[in-house]
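These protein sequence lines are chains Y and F, in that order.
The numbers in this note's numbering rise by one with no breaks, and the one at position 97 of the first sequence is 97.
With positions in the second sequence counted from 1, the corresponding number in this note's numbering is that position plus 1000.
Careful, some of the hints might be misleading.
Stated by the list, open to error - Okay, derived cross-link-like pairs now, EDC-like style, lysine to aspartate or glutamate, Cα gap no bigger than 16 Å in a straight line:
1. Y/47 - F/1049
2. Y/47 - F/1054
3. F/1114 - F/1137
4. Y/98 - Y/50
5. Y/99 - Y/48
6. F/1114 - F/1133
7. Y/29 - Y/108
8. Y/127 - F/1054
9. Y/127 - Y/108
10. Y/127 - F/1049
11. Y/29 - Y/115
12. Y/47 - F/1052
13. Y/29 - F/1037
14. F/1073 - Y/64
15. Y/127 - F/1039
16. Y/127 - F/1043
In case anyone wonders, no lab produced these hints; they're calculated from the structure.
Keep in mind it's a predicted model, so treat the numbers as computed, not measured.
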Amino acid sequence: YQRRVREAVVSTQSTGKLLTHNMMKSHCKGVVNGFPLKLTSTQMDVKEIEFNPDFVNRMLSRLEWPALVQIANQLGVGEGLPEMLPEEQQFEDEDILKKIHHVLLEVDVIEGELECPETGRKFPISKGIPDMRLNEEE
Amino acid sequence: AVVSTQSTGTSEPDVASSVSVGSVMLGAGSVTCIEIDSDAIADLQQNIEEFEMENIEVIQADVTRFSVRPEFKFDTVITNPPFGTKNNEGIDMKFLDVALSSLTPSGTVYSFHKTSTRDFIVRRMDSKGLSVEVLAEMKFKIPQMYKQHKKKEVLVDVDFIRIAAGSTVKGS
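Model the full assembly from the supplied sequences, consistent with the hints where possible.
Now the structure itself:
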């Protein structure tokens, strides 16, 4: 493990990435689908994260692609994303992989809110961390 | 990786932090940490900053009341369940069930369980075609939390186990 030397002081707090948004669904009582959660972003950041093409390719088959494209476009970071995944769910082209990498890992929703698409229940995001705790009755 | 931890006392926030940070150090592409306790999360954020960790995502949630899309599976799940306190019997098994259901077919679960539950867990995993390996035997210090606990703190024998597809080798 190599400790990276940084030239500038960079905040490395936990982040709220779109990869995480793509995995979460609502656990509210009675919800049928619950995915995707609606997102309101009041503070967003973009940071450089080390690119690992193998990792990006491995994630592709686990993603719900249309939801990723939709949220990326909503946040204005979706430029260059393919509309659909190819059948093999892999890309050779590193430029495309870099764009997907950017959307999955380099966009950080620091402050905002998630919303259950069926109940409207809101979940705050603070310092990149969504609070998904439910009350007893929910 | 996914790290899911729930804190029951002062000893446990350290586990959430060190496991998440340790995972990144060992080459995990992305770590998702599901933690219910705000203090544990604060410790974790401090460690992330101190070690300049990237790609650790934190979600504040009760892992047994949290949903991930079923198609989104994890390669490694590390979990530190509460040890079945008086009103919470079976919570350790619930954690294990959540961990196993989040896993890719070739994935691995690492978990902490009271040694007293070892045989039960091995039998249960056996019936699912999964193997259990005890990687370490530890002692956890559990501070007094409830009036009915007579001692200030107790030492509990704990197994650190690995669960994966395959059958448990008898005698290991």
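Hint by hint, here is what the structure shows:
no.	hint	verdict
1	Y/47 - F/1049	holds (15 Å)
2	Y/47 - F/1054	holds (10 Å)
3	F/1114 - F/1137	holds (10 Å)
4	Y/98 - Y/50	holds (10 Å)
5	Y/99 - Y/48	holds (12 Å)
6	F/1114 - F/1133	holds (14 Å)
7	Y/29 - Y/108	violated (29 Å)
8	Y/127 - F/1054	holds (15 Å)
9	Y/127 - Y/108	holds (10 Å)
10	Y/127 - F/1049	holds (13 Å)
11	Y/29 - Y/115	holds (14 Å)
12	Y/47 - F/1052	holds (13 Å)
13	Y/29 - F/1037	violated (22 Å)
14	F/1073 - Y/64	holds (12 Å)
15	Y/127 - F/1039	holds (14 Å)
16	Y/127 - F/1043	holds (14 Å)
Of the numbered hints given earlier, the model fails hints 7, 13; all others are met.
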